[in-house]
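Novice: The sequence shown stops at residue 79 when you use our numbering, and every number in between is there.
Certain hints may be false.
What the hints assert, rightly or not - Mimicking BS3-like on lysine-lysine, the simulated pairs with C-alpha atoms at most 25 angstroms apart in a straight line are:
1) K30 x K7
2) K2 x K30
3) K30 x K(-2)
Honestly, the hints are just simulated from the structure, not real lab data.
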Amino acid sequence: MRVSLELKDFAKYPFLKESQQFIAAYSQGVEQFINSNPGKVALRYAMERVEGALRSAENIADKDPEEVPSDSFGVKMSVSGYALARVIV
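Build out the structure end to end from the sequences listed, making use of the hints.
Specialist: In structure tokens, the structure reads:
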């Protein structure tokens, strides 16, 4: 059974194949992307994601749930940031 996903679902579940397909439609090569302005923003999201995961591992009770973006740019940055965070780790 297929589930209909909305744009913000891609940001909430960046590990899904559909999320990766969504971002692949907007991306160029990794090096070119990282050197672009959106790539720099996504890299910052990635670093924040990694740092946040490390902080929450230390003190999980103080972690507030992160707001999920619903606009196109925010979703692209969130999914790209997730992918870059996986590379960093």
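Novice: Does each hint hold? Answer for all of them.
Specialist: Hint by hint, here is what the structure shows:
no., hint, in the structure
1, K30 x K7, "holds (23 angstroms)"
2, K2 x K30, "holds (21 angstroms)"
3, K30 x K(-2), "holds (21 angstroms)"
Checked against the numbered hints above, the structure breaks none of them.
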